[in-house]
Amino acid sequence: MSDVLVDIQNLSFSRGERVIYRDMSMQFVRGKVTAIMGPSGIGKTTLLKLIGGQLIPDSGNILFDGVNIPKLSRSALYQARKKMSMLFQSGALFTELSVFDNVAFPLREHTRLSESLIRLIVLMKLEAVGLRGARDLMPAELSGGMARRAALARAIALDPELIMYDEPFAGQDPISMGVIVRLIRELNNALGLTSIVVSHDVKEVMSIADYVYVVADKTVIGQGTPEQLRADPSPLVQQFLNGDADGAVPFHYKAAAYEDELMELGK
Amino acid sequence: MIANRLQKIGHQTLSTISGFGRAGIMLFGAIVGKPDFRKGFPLFIKQLYVIGVLSLMIILVSGLFIGMVLSLQGYNVLVKFGAEGMLGPLVSLSLLRELGPVVTALLFAGRAGSALTAEIGLMKATEQLSGMEMMAVDPLRRIIAPRFWAGVVAMPLLALIFNAVGILGGHLVGVEWLGVDAGSYWSAMQANVDLYQDVLNGVIKSAVFALVVIWIALHKGFDAIPTSEGISRATTQTVVTASLAVLGFDFILTALMFGG
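Just so you know, the protein sequences line up as chains A and B, in that order. Numbering-wise, UniProt numbering puts 99 at position 99 of the first sequence, and it's gapless, one number per residue. Numbering-wise, UniProt numbering puts 255 at position 255 of the second sequence, and it's gapless, one number per residue.
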């Protein structure tokens with residue numbers, strides 16, 4: 001068994017005319033929390049959808065546990081997806097099902113376990129995220145942080161090998177942020193998961209990730225453990241880590257020269 | 001200028017055709033393949049309730065009133081020729097051949113079609129469909145297929161109910177109020193309505209409309225741009241497109257069934 005669970009090799013992807021990734025390579029090691037950081041709008045969520053096989057790259061390989069996701073047949077892809085799960089930014093809970101039924105959903109779909117056994121598993125998963133008492137609530141009754149935790153319980157219901165977090169910290173208050181940071185780390189260790197966290201919250205990511213990729217300009221611009229990354233000489237990486245408003249990534253959107261445009265107006 | 005316009009026409013034609021293609025692929029993915037009755041049947045029953053049973057009220061009320069109005073208008077004309085005994089066939093044939101299937105389909109597009117589009121569009125916008133796919137559950141089979149079959153089964157039944165209530169409404173106005181002889185109302189109806197020519201053709205029409213309306217509604221939702229504006233536009237398009245398609249198909253089917 002290889003040490004690398006997800007291996008992205010020379011990936012290129014574009015949407016219409018716009019190139020999102022050019023010849024990018026990344027590795028995600030088993031049992032580790034690997035983070036992908038980068039400015040918003042560079043297609044971090046797209047990368048997760050590529051790994052999940054919801055989008056097909058223009059070229060390059062995405063090996064998941066040895067199989068090349070973009071080349072899989074439909075049924076083989078669905079088999080592979082049973083071993084991975086994804087936590088969407090919105091949680092993506094099914095609004096017409098209660099929290100309990102949401103967590104039970106993948107179990108009922110993919111296993112033939114008896115209802116009493118399903119109940120047991122669901123309660124265990126809900127206990128792990130601290131929502132056992134909220135099992136009868138509907139998703140509309142949950143706060144944002146609770147919804148994300150319920151979705152997390154659903155994501156681990158089938159004991160996947162890989163779990164992908166899409167912006168897990170976005171729009172959370174400090175307390176739920178702390179809860180989610182702790183959960184990602186603890187679940188990863190306790191369940192022997194491999195985690196991919198996509199985020200631009202530098203502080204949180206640096207505190208839990210074992211390895212970090214910084215993505216910008218359509219490819220990886222910096223990588224390493226959080227310590228290595230802090231010592232990275234690249235101005236782009238430093239600007240991102242420190243959150244400087246202007247620098248290698250300019251403050252201004254690409255535009256014609258300011259003076260020229262003002263003069264033009266006067267004509 | 002002309003080149004621009006040509007380009008626009010070409011672009012629109014292409015996007016229309018690719019829309020048809022996407023709709024076809026969606027339907028194909030949803031209904032072709034090995035059915036799983038153990039999981040599918042409860043979902044189908046639930047949708048039959050949501051799409052069919054919950055539409056009953058509007059169908060019953062509209063059917064009753066359309067039957068009553070038909071009877072009233074028909075009586076006023078027929079009585080001039082002393083032919084009010086033919087009121088039964090007039091009401092029943094208009095309903096069975098045309099008004100039943102068509103009005104049911106239009107009401108269905110407004111009541112159930114728009115709701116389906118909005119529901120599926122919102123599921124898409126809140127990433128529920130994506131999430132389902134990532135859980136290795138095919139949303140086409142899980143979400144689209146039960147709704148499709150429920151609609152196709154429900155609408156012909158609704159149309160039959162509409163017809164029955166309409167005929168009773170006609171009786172109410174014609175016989176109970178305006179004093180047409182009850183015996184001639186029913187016996188003339190019995191003599192003039194043919195099971196295959198009239199009743200069955202009406203059911204066939206209704207089944208075709210069901211297919212068209214539900215397909216449009218599901219496709220518009222599934223293809224909606226996942227923003228609030230996109231969903232509102234998709235919902236409107238469902239009602240408009242489905243209504244026009246029903247009227248267009250009605251003409252074609254009527255020409256085929258009763259034209260020669």
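It is worth saying that the hints were derived from the structure and are not from the lab. A portion of the hints provided could be inaccurate.
Residues of chain A clear of chain B, computed beta-carbon distances all greater than 10 Å [said to hold, decoys possible]:
(1) Val19
(2) Arg81
(3) Met84
(4) Ser85
(5) Met86
(6) Ser90
(7) Ala92
(8) Phe105
(9) Glu109
(10) Leu123
(11) Gly133
(12) Asp159
(13) Asp210
(14) Ala216
(15) Ser234
Here are the simulated lysine-lysine pairs, DSS-like style, with alpha carbons at most 25 Å apart [what the hints assert, rightly or not]:
(16) A/Lys71 x B/Lys8
(17) B/Lys39 x A/Lys83
(18) A/Lys203 x A/Lys218
In this text the structure is predicted, and so the values were computed from the model without any measurement. By construction, the Cβ of each residue, glycine as well, lies at the ideal position given by its N, Cα and C atoms.
Going down the list of hints, with the structure as the test:
1. Val19: 23 Å, holds
2. Arg81: 4 Å, violated
3. Met84: 7 Å, violated
4. Ser85: 7 Å, violated
5. Met86: With a cut-off of 10 Å, A/Met86 comes too close to chain B, as the shortest Cβ separation is near 5 Å.
6. Ser90: 5 Å, violated
7. Ala92: 3 Å, violated
8. Phe105: Non-interface label fails for A/Phe105: nearest chain B Cβ at 7 Å, not farther than 10 Å.
9. Glu109: 5 Å, violated
10. Leu123: 20 Å, holds
11. Gly133: 24 Å, holds
12. Asp159: Check passes; 13 Å lies beyond 10 Å.
13. Asp210: At about 24 Å from chain B, A/Asp210 clears the 10 Å cut-off, so the statement holds.
14. Ala216: 25 Å, holds
15. Ser234: 33 Å, holds
16. A/Lys71 x B/Lys8: This hinted pair is violated, its Cα atoms lying about 36 Å apart.
17. B/Lys39 x A/Lys83: 22 Å, holds
18. A/Lys203 x A/Lys218: Holds: A/Lys203 and A/Lys218 sit about 23 Å apart, inside 25 Å.
Of the numbered hints listed earlier, those contradicted by the structure are 2, 3, 4, 5, 6, 7, 8, 9, 16.
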